[in-house]
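My request is simple: use the sequences and hints to build the entire structure.
Here the protein sequences come in this chain order: A and B.
The opening residue of the first sequence carries number 85 in my numbering; numbering runs sequentially from there.
The opening residue of the second sequence carries number 152 in my numbering; numbering runs sequentially from there.
Note that these hints are calculated values from the structure, not bench results.
Remember, predicted model here, so these are calculated numbers, not experimental data.
One thing to keep in mind: the hints can contain errors.
[Stated by the list, open to error] When the alpha-carbon atoms are kept at most 30 Å apart in a straight line, the in silico DSS-like pairs for lysine-lysine are as follows:
id	chain 1	residue 1	chain 2	residue 2
1	A	122	B	164
2	B	247	B	154
3	B	247	B	164
4	B	206	B	221
5	B	154	B	206
6	A	199	B	221
7	A	154	B	164
8	B	204	A	100
9	A	122	B	154
10	B	208	A	87
11	A	154	B	206
12	A	100	B	164
13	A	100	B	206
14	B	208	A	122
15	B	247	A	122
16	B	204	A	87
17	A	154	B	246
18	A	154	B	154
19	B	247	B	221
[To be verified] Covered stretches of chain B, going by a simulated chain A footprint (3 or more residues, C-beta under 8 Å):
id	region
20	192-200
21	238-245
In this text, a Cβ means the ideal position worked out from N, Cα and C, and glycines have one as well.
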Amino acid sequence: AQKVTQAQTEISVVEKEDVTLDCVYETRDTTYYLFWYKQPPSGELVFLIRRNSFDEQNEISGRYSWNFQKSTSSFNFTITASQVVDSAVYFCALSEARAAGNKLTFGGGTRVLVKP
Amino acid sequence: DVKVTQSSRYLVKRTGEKVFLECVQDMDHENMFWYRQDPGLGLRLIYFSYDVKMKEKGDIPEGYSVSREKKERFSLILESASTNQTSMYLCASSKKNRVANYGYTFGSGTRLTVV
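If you want it as C-alpha cells, here you go:
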C-alpha cells in the first residue's frame, strides 16, 4: 500500500530564511508520480510540481527547489529566501501508476508560517 | 480559466440531517474525487469516480455515499450527518490518462460543521 509521511507538522521562520519540507514515501510500484501542492489560507490546493519515478533530476523554479532521492524514498522541497506569501500548508502526494482513477495519496501536510 | 466549483464554502447542519455537497468541473475530466481534510491527517480519500455512474470507495467511505449522473457533476452525500463528520471537504478532478498522471485540479473546499 502506498503511504506518504511529512514528519514536520509546522515550521515557523523569519522572512528571508530558507525552509526545507521533508517528504518520505512508501510504494511497491516501480512506476509512480510524486507531487507537491500548496494550500494558502483561501483553501484551494495549488499544484507546484510533478515528478515521475524515472526522473531523479532535481528541479529549481524560482525560489522553489525539489530534491528527489529514490535511494531514501524522499522528495524534499526547499523554499529559498522565504516570503510572507509563502505562508501556507504544503502537501506531498504520491500516485502509483497502477492506481485506479489516478488517485493520489497525501501526506499529513506541513504548515509553514513566515513572519515578517 | 478551468475550474472545479464547490457549491458552498461554509455549511452548518444538524446531527441526523441528510447533507449534499455538490461539485462541478468544466474541464471534461473523467475522474472526480472527494477528500476530507483534518488537521494532522492530511487529505483522506472518501470516494472517487472514473466515469459517469461509476464509483469506487476510497480509504474512509463509511457514513458517505456519492452520485455521478453527469460527467461534470459529482455529489457527496452524508446520509445522516454526525459531529465527527465536521471537516473540510475538497473535491478534485483529473483527466483519465493510462500513460501518466498529471495530478488534480481542486475546488476551494466546503467547510462543514455538524452541530
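Do the hints match the structure? See the list:
1. 122(A) - 164(B): holds, 29 Å
2. 247(B) - 154(B): holds, 17 Å
3. 247(B) - 164(B): Judged against 30 Å, a Cα distance of about 34 Å means the pair is violated.
4. 206(B) - 221(B): holds, 12 Å
5. 154(B) - 206(B): With Cα atoms ~22 Å apart, residue 154(B) and residue 206(B) stay inside 30 Å; holds.
6. 199(A) - 221(B): Not satisfied, since the Cα-Cα distance of roughly 45 Å exceeds 30 Å.
7. 154(A) - 164(B): This hinted pair is violated, its Cα atoms lying about 46 Å apart.
8. 204(B) - 100(A): violated, 50 Å
9. 122(A) - 154(B): holds, 17 Å
10. 208(B) - 87(A): Distance ~17 Å between residue 208(B) and residue 87(A) Cα, so the pair holds.
11. 154(A) - 206(B): violated, 33 Å
12. 100(A) - 164(B): violated, 43 Å
13. 100(A) - 206(B): It is violated: about 46 Å lies between the C-alpha atoms, which goes past 30 Å.
14. 208(B) - 122(A): holds, 26 Å
15. 247(B) - 122(A): Distance ~23 Å between residue 247(B) and residue 122(A) Cα, so the pair holds.
16. 204(B) - 87(A): Distance of about 29 Å is within 30 Å: holds.
17. 154(A) - 246(B): holds, 27 Å
18. 154(A) - 154(B): violated, 34 Å
19. 247(B) - 221(B): holds, 16 Å
20. 192-200: The restraint on the region 192-200 of chain B holds, since 7 of its residues have a Cβ under 8 Å from chain A and three suffice.
21. 238-245: Check passed, 4 qualifying residues.
When each numbered hint is compared with the structure, violations occur for hints 3, 6, 7, 8, 11, 12, 13, 18.
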